[in-house]
Amino acid sequence: MADRLENRLLALRTERDLTQAALAELVGVSRKTINTVENGVFIPSTVLALKLARALGEPVEAIFSLPPEN
Amino acid sequence: MTTSTDIETADKLSRRRARALPALAVIFLSQQAAYFSSYAEDGTRAVDHVKIAAWLVLSIVMLVVLTTGGFWFRPARIRALMDDEVTRANRTEAFRIGFLVTMIAAIGLYVLNLFEPLSGGEAIHIMMTAGLATALIRFGFLERRALKDG
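Line order of the protein sequences matches chains A and V.
Under the numbering used here, the residue at position 39 of the first sequence is numbered 39, and the numbers go up by one with no gaps.
Every number in the numbering used here is 1000 more than the matching position in the second sequence, counting from 1.
Hints are computed from structural coordinates only; laboratory data are not their basis.
All C-beta atoms in this analysis are idealised placements derived from N, C-alpha and C, irrespective of residue type, glycine included.
Any given hint could turn out to be false.
[Claimed, not checked] 27 Å max Cα-Cα, derived BS3-like pairs, lysine-lysine:
#, chain 1, residue 1, chain 2, residue 2
1, A, Lys51, V, Lys1148
2, V, Lys1012, A, Lys51
3, V, Lys1012, V, Lys1148
[What the hints assert, rightly or not] Quick list of simulated restraints, FRET-style, between CB atoms:
#, chain 1, residue 1, chain 2, residue 2, range
4, A, Ala11, V, Leu1058, 43 to 49 Å
5, V, Ala1080, A, Asp17, 24 to 30 Å
6, V, Ala1054, A, Asp3, 41 to 47 Å
Next up, chain A with everything else stripped away, as it sits in the complex (with noise of 0.2 Å):
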């Protein structure tokens, strides 16, 4: 089972010019949140990787992906 989820937060947040505590602000969030889900430090729940979605304007698959299987 994959324990890893790659995701394109940063890029995504960075193309809209958002800073962590901007984005942190529009999903309700602390920038902490925002930092460790960037870095993969941090699996967001359904919820929140939902939440971050909608702040994006993107569909969820477009930030969050598995990593590609051996």
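Take the given structure of chain A and dock chain V to it, following the hints.
Okay, now just chain V, sitting in the frame of chain A:
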């Protein structure tokens, strides 16, 4: 509604908490020798009761801070930001490690008791101190890692 000021305040307070909790745990651990002198003596003097009661109160306060996140007099929205998903996950991990260390201490004390009888108070004191200090240090470490930029 979350504002940028709320985010900044929560960030600042989270950093303060991440620095303070491990420091508090180290101070807590370093003071244990003083408490054990109370058990070593017959422990019936008033000063011994005060020392042990002080340790118990400090332990309860630290447990409540770790469980609730502290900063009780801050607005609820700030406290909610400081207790979001990452913090709850870090706390769960800290409790897991704390529980494991408590169980290891209990096993060690059980074996030690076969050779050197211990009082119930001493055993509980060691298990609580080990578990609580480990959980506080682990939580602080995880929070600091989460707050680190980049």
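Status of each hint after checking the structure:
This hinted pair checks out: Lys51/A and Lys1148/V have alpha carbons roughly 23 Å apart, not beyond 27 Å. Annotation: proposed proximity of Lys1012/V to Lys51/A holds, straight-line Cα distance about 24 Å (limit 27 Å). Distance hint between Lys1012/V and Lys1148/V is fulfilled; the C-alpha atoms sit about 12 Å from each other, no more than 27 Å. Ala11/A and Leu1058/V have their C-beta atoms about 47 Å apart, which keeps the hinted 43 to 49 Å range intact.
Separation of Ala1080/V from Asp17/A is about 27 Å and conforms to the stated range, judged on CB atoms against 24 to 30 Å. Restraint check, Ala1054/V to Asp3/A: a C-beta distance of roughly 44 Å satisfies the suggested window 41 to 47 Å.
Consistency with the previously given hints is maintained throughout, with no hint failing.
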